[in-house]
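A.B. asks: Keeping their order, the protein sequence lines are chains L and G. 1 is the number of the first residue of the first sequence in UniProt numbering; add one for each residue after it. 1 is the number of the first residue of the second sequence in UniProt numbering; add one for each residue after it.
Be aware that a few hints might be false.
[What the hints assert, rightly or not] Dumping the calculated EDC-like pairs for lysine to aspartate or glutamate here, alpha-carbon to alpha-carbon at most 16 Å:
#  : chain 1 : residue 1 : chain 2 : residue 2
1  : G       : Lys306    : L       : Glu257
2  : L       : Lys306    : G       : Asp299
3  : L       : Lys306    : G       : Glu229
4  : L       : Lys193    : G       : Glu208
5  : L       : Lys298    : G       : Glu257
6  : G       : Lys298    : L       : Asp304
7  : G       : Lys218    : L       : Asp299
8  : G       : Lys206    : L       : Glu208
9  : L       : Lys192    : G       : Glu229
10 : G       : Lys291    : L       : Asp304
11 : G       : Lys192    : L       : Glu229
12 : L       : Lys218    : G       : Asp299
13 : G       : Lys298    : L       : Glu257
14 : L       : Lys298    : G       : Asp299
15 : L       : Lys298    : G       : Asp304
16 : G       : Lys193    : L       : Glu229
17 : L       : Lys206    : G       : Asp299
18 : L       : Lys140    : L       : Asp113
19 : L       : Lys291    : G       : Asp304
None of these hints come from the bench; they were simulated from the model.
There are 2 protein chains.
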Amino acid sequence: MSKLLAVGTVAFDAIETPFGKTDKILGGSGSYIGLSASQFGVKTGIVSVVGGDFPQSYLEMMNSKGINTEGVEIDKNGKTFFWSGKYHNDMNSRDTLITELNVLETFTPVVPDSFKDAGIVMLGNLHPLTQASVLDQMSKKPKLVVLDTMNFWMDIALDDLYAVLKRVDVITINDEEARQLSGEYSLVNAAKKIHTMGPKYVVIKKGEHGALLFNDGKMFFAPALPLAEVFDPTGAGDTFAGGFCGYLAKTEDVSFENMKNAIIYGSNLASFCVEKFGTERMQELTAKEVKTRLQAFKDLTQFDIKIS
Amino acid sequence: MSKLLAVGTVAFDAIETPFGKTDKILGGSGSYIGLSASQFGVKTGIVSVVGGDFPQSYLEMMNSKGINTEGVEIDKNGKTFFWSGKYHNDMNSRDTLITELNVLETFTPVVPDSFKDAGIVMLGNLHPLTQASVLDQMSKKPKLVVLDTMNFWMDIALDDLYAVLKRVDVITINDEEARQLSGEYSLVNAAKKIHTMGPKYVVIKKGEHGALLFNDGKMFFAPALPLAEVFDPTGAGDTFAGGFCGYLAKTEDVSFENMKNAIIYGSNLASFCVEKFGTERMQELTAKEVKTRLQAFKDLTQFDIKIS
Numbered sequence: 001m002s003k004l005l006a007v008g009t010v011a012f013d014a015i016e017t018p019f020g021k022t023d024k025i026l027g028g029s030g031s032y033i034g035l036s037a038s039q040f041g042v043k044t045g046i047v048s049v050v051g052g053d054f055p056q057s058y059l060e061m062m063n064s065k066g067i068n069t070e071g072v073e074i075d076k077n078g079k080t081f082f083w084s085g086k087y088h089n090d091m092n093s094r095d096t097l098i099t100e101l102n103v104l105e106t107f108t109p110v111v112p113d114s115f116k117d118a119g120i121v122m123l124g125n126l127h128p129l130t131q132a133s134v135l136d137q138m139s140k141k142p143k144l145v146v147l148d149t150m151n152f153w154m155d156i157a158l159d160d161l162y163a164v165l166k167r168v169d170v171i172t173i174n175d176e177e178a179r180q181l182s183g184e185y186s187l188v189n190a191a192k193k194i195h196t197m198g199p200k201y202v203v204i205k206k207g208e209h210g211a212l213l214f215n216d217g218k219m220f221f222a223p224a225l226p227l228a229e230v231f232d233p234t235g236a237g238d239t240f241a242g243g244f245c246g247y248l249a250k251t252e253d254v255s256f257e258n259m260k261n262a263i264i265y266g267s268n269l270a271s272f273c274v275e276k277f278g279t280e281r282m283q284e285l286t287a288k289e290v291k292t293r294l295q296a297f298k299d300l301t302q303f304d305i306k307i308s
Numbered sequence: 001m002s003k004l005l006a007v008g009t010v011a012f013d014a015i016e017t018p019f020g021k022t023d024k025i026l027g028g029s030g031s032y033i034g035l036s037a038s039q040f041g042v043k044t045g046i047v048s049v050v051g052g053d054f055p056q057s058y059l060e061m062m063n064s065k066g067i068n069t070e071g072v073e074i075d076k077n078g079k080t081f082f083w084s085g086k087y088h089n090d091m092n093s094r095d096t097l098i099t100e101l102n103v104l105e106t107f108t109p110v111v112p113d114s115f116k117d118a119g120i121v122m123l124g125n126l127h128p129l130t131q132a133s134v135l136d137q138m139s140k141k142p143k144l145v146v147l148d149t150m151n152f153w154m155d156i157a158l159d160d161l162y163a164v165l166k167r168v169d170v171i172t173i174n175d176e177e178a179r180q181l182s183g184e185y186s187l188v189n190a191a192k193k194i195h196t197m198g199p200k201y202v203v204i205k206k207g208e209h210g211a212l213l214f215n216d217g218k219m220f221f222a223p224a225l226p227l228a229e230v231f232d233p234t235g236a237g238d239t240f241a242g243g244f245c246g247y248l249a250k251t252e253d254v255s256f257e258n259m260k261n262a263i264i265y266g267s268n269l270a271s272f273c274v275e276k277f278g279t280e281r282m283q284e285l286t287a288k289e290v291k292t293r294l295q296a297f298k299d300l301t302q303f304d305i306k307i308s
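In isolation and in its complexed conformation, chain L is listed as follows (with noise of 0.2 Å):
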């Protein structure tokens, strides 16, 4: 088992959706990379910046589920990160209603000692130079560093995102950002276009239409399965990423084939994100309902044609 570090934001987010809203809740890619990751009991350690805002009982509800916060500073004059959304009744767009970065503006992310020797990084997204400097501290490489970023820093940070990336193994990114980082708009070549800056292995998440796995050549698809309601998109991302990370590292096997089996549990563990408000659902889920739903998962995508 390899210790899983990830940087990323732990934040309030205020939610909007068809089917209700919510006030202040937990939100933030580094919550719900830790959550999903948790799943599989591996040491993951977070590394953030909350404000003195932040009440003690969300980092200790982490904490009892085996992520270390130690590399979350608190910062006691400062705000924590909000974020404020609203989703359109397809559920698949939405508006960002409010964006207070607050403590994230000085961000400077420090590596406690006991994780800068883990074995999977991942670089939730913020800026390239905070991703870069996470990989500085570390005090030997990495087995697999994982990179997850959007469009906002391929439009005001592009040369330190190129520059990251050479230092990356695994680019997780959402159709459109591979279009517009490759310039190309098939996503066979957009990623065969993105291997060539630096990542080897390129994983496109396409949302309620699945994420596609490319490394060199051979691709692989894991649909998101199909559910009669998604309550809440937010932090299906991040939390089909942890799934990702927390997998390769309770396996410490980063071979093509095994992110196959990676991909599908960061599928399985997003869809149930959606269920429910917020980290909500990913607080509460056991791991019997993940291996139930991994049985929906091969009934979904597993057939049988003999090929004579």
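Start from chain L and add chain G according to the hints.
C.D. replies: Chain G only, in chain L's frame:
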């Protein structure tokens, strides 16, 4: 091996894509369904109508593939149905430039005697009354009736569509149309509602995002094969349906388990269709190519997680 009877259009298409444009070439749902099903060596009969301007050579090409065109009426004084369209750069949306119904306006399908006992009937996208009249002519109840339709018929002939749906086992429909027909956004709920209209099996086509099969609470998903280049998407849905029906006709097994294989074959054949303009790729397609691509579908979807 069952006989397959397909009613659909045999037409002229003029297509423009970012890769080029064509003059009037062979098109129509019946042509695509027939060419796709011909890969399985099943006895396929097409019921359709063309005008005096339709080249005999097209019919001969179909006959050479084992497609029976006895049921393709030639209206010497009429002109063949003509559709012209232009695809946008993303290849997912298109504008219809010209639709000339011509001989289709007065089309009354006549099922040849030799196909009145067909085991599988594919009702291509036509007026629901035209689809129903084909069923009326069958000498015995088919093993399986498959129907394709579109939003246009929901808008102008919904009651006729409801009536024919009661006589149908499988409906193939795209995601937006499934939502329109059911009034449900979630495809899981849409399928559930469409079941109550008649079809025990609901196939929801999502274009580049694959296809879902629903039956009595069970689900199966076939991805579309990610391609470096989609040259012309025209006919992909009909090719999918032709592959689905052709495989079921060949294997004579209309169980849910075998339908999984059938939609994989449908997706397989559709992935070839889009590689060239119109029916060109389907005309030259070999069994060996289909087999090789079947392995690509296995590689894309099959994983090995033991559920302990």
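A.B. asks: Going back to the hint list, which numbers does this structure go against?
C.D. replies: 3, 4 and 17
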